[in-house]
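Number of protein chains: 2
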Amino acid sequence: MERIKTLQGSRDFLERLQNRQTTFMLVGSYTETAEIDGITVAGLPGFIDYTPALDMELLYYGYPKSMPDIAKMPDGPPSPVLITSAVRHLCPLPLHFIDAGLKVETKAPITKINSTFSNSIIKNSKIDAKELFLEGKRYAQEIAHTNEVFIIGEVVPAGTTTAYAITKALGYECDGWFASSSAESSVANLKRKIVDEAIEKHVSKQATLFEIISSVGDTMQPFVAGVATVISQTKQVVLGGGTQMAAVLAILKELSDSGENINFKNIALITTKWIAHDKQSNIATLLCAINPTINAFYSNFDFSDSNVKNLGLYDDGYVKEGVAAGAAIAYAYLNGIKQKEITKKVEEIYSSFA
Amino acid sequence: MERIKTLQGSRDFLERLQNRQTTFMLVGSYTETAEIDGITVAGLPGFIDYTPALDMELLYYGYPKSMPDIAKMPDGPPSPVLITSAVRHLCPLPLHFIDAGLKVETKAPITKINSTFSNSIIKNSKIDAKELFLEGKRYAQEIAHTNEVFIIGEVVPAGTTTAYAITKALGYECDGWFASSSAESSVANLKRKIVDEAIEKHVSKQATLFEIISSVGDTMQPFVAGVATVISQTKQVVLGGGTQMAAVLAILKELSDSGENINFKNIALITTKWIAHDKQSNIATLLCAINPTINAFYSNFDFSDSNVKNLGLYDDGYVKEGVAAGAAIAYAYLNGIKQKEITKKVEEIYSSFA
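These protein sequence lines are chains D and B, in that order. When we follow numbering that gives the first Met the number 0, the leftmost residue of the first sequence carries the number 0, and every step to the right adds one. When we follow numbering that gives the first Met the number 0, the leftmost residue of the second sequence carries the number 0, and every step to the right adds one.
Same shape as in the complex, but just chain D (with noise of 0.2 Å):
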């Protein structure tokens, strides 16, 4: 068995990412389109505003610090960060959390960008992206030098919608092409609608790139992009995710179009099998649009090796990715570890909570 597949690209970027020090970046970010009733099941109801700062305190501290009672998990499938978590705790995974615009604070130690969250799309996002991506390049100036491979996730609920947004307003004909943290095929009509008014209402023909974010983007999608602009000049940047970091790629492929100084040969994605195997989006078709030659590839990764219930639904579709769970899962791979061990520490954090 493959551990890590390829989608697209060269394996030539795998290849240097063997024994590397890494550090394990995760941003976080909230859009009130989160609020929009329906379209994201990605943290508890009513809570999710509070799903970065949870996921960020379990993974630091191994329990959810803002919300003890979470830690007894409702029934359904657990969030993926779990997965990031047991990785975690089976080979050294440094963390550096940021903070884009979070709209509850983590407990946990993380860096704050000069940002708030940002508004729904369908009122306008109203941020101001060109600005979150010099921050993101300021940044990554300063944290370049500490590391040899930087891999950066997200915890952005409602992303894929926000994700969505942009890259059909870039010009893509890209329905059914972005993932969702739910099985239900009603979310993805829902979603199409709510992406459709937002850019029929916010977005120009002639916005440029920056315009398009501002409107209907969120913080993380220009402050990650920024960092990767810097870090790929010297560096190895892995954007841990789906179709948020499709996004992000969407966003590099523009600036690179327009001059910006990206070096692809330093970036990939890398997402889980459940987002490269989905039915109810397209990861690959997306990539490929994008430029068939960037680097992407997927953990060959799934539950067969477990019994525990909630963990199939993984299996069945319920979730796909989160918590830059894929590359974590990649990183662990490329460290000498095993399905079964990764699902076993997966299995022993889950019954903790249980």
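The hints are simulated quantities; they were obtained by calculation from the structure and are not laboratory data. Relax, there's no trap hidden among the hints.
Copies of one chain are not kept apart here, so a pair can be met inside one copy or by any two copies together.
Distance condition first, Cα-Cα at most 25 Å in a straight line; then the derived DSS-like pairs of lysine-lysine: (1) Lys106 with Lys129; (2) Lys204 with Lys125; (3) Lys64 with Lys125; (4) Lys129 with Lys64; (5) Lys136 with Lys64; (6) Lys192 with Lys122; (7) Lys234 with Lys129; (8) Lys272 with Lys308.
Using the hints, position chain B against chain D.
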């Protein structure tokens, strides 16, 4: 002229600093002790709580974002942040800001620790020093691998008062040893009165180290003690500052005596000549009382190369240290930069605000 002078300890530490990749960590904190009338002049009257935010912005962006007006600095000596900024212009000095309890948030990217600012020591600081120490240790485990040397500075208005308070409460007869942001000798009397009153009210004879810090310390102190404890295991730690950082050494000494594993060979305090030669404080005696084998140095820098009147005020004792200016100069010296170059760059930055 010896560029870096020894206060005590071994110069071997300095030799190992040569050509090492360095992170400049600046820990900001706030104590309402700063609001006691006459206790500090570290900032604009009425806006002392802005000092850490503004210093960090000047260092990071090159100008103060939160209060653009103060760009026009008032009469009197400018903030020592100009010195640290000058060094950053002359040699690479990657910044890492920590918010260990600021009152006014900075717009520069800053890692927020789960901590709020503290009460005045007169009312009881009411911080959880033990928890902050553990947070520091935990955080250091995430970052220790990212560089070879960590300069840790502080921006804590009234921080010499909390430093004095915890050191005295630990049993040192240290009246007259602690520095002040003011050249007025009346301030020393005020500080002594405040410190004695705070200890009398809030520190019992049986108080433990962490109880003492929790009652009359500030949040920077236990957090930095935790960071230094862990980083010193594998990397070099420079405590950049004067008597405030000496108080952190007093904490480390207590911890070490009670069994905490701290590698003092990898720790040094580096301060300015203005502190080393200060007639109103006595860092040499303070350090010696803590432990005469701890490494401590000062950078042999003054403004004798400058004709700018307000910079000359440093040499007259009006400003002595802050924003790890002494350690920053030492770092520049180790990188082959000369006093004249630093002076010229400070003048250049200062004149851009005049």
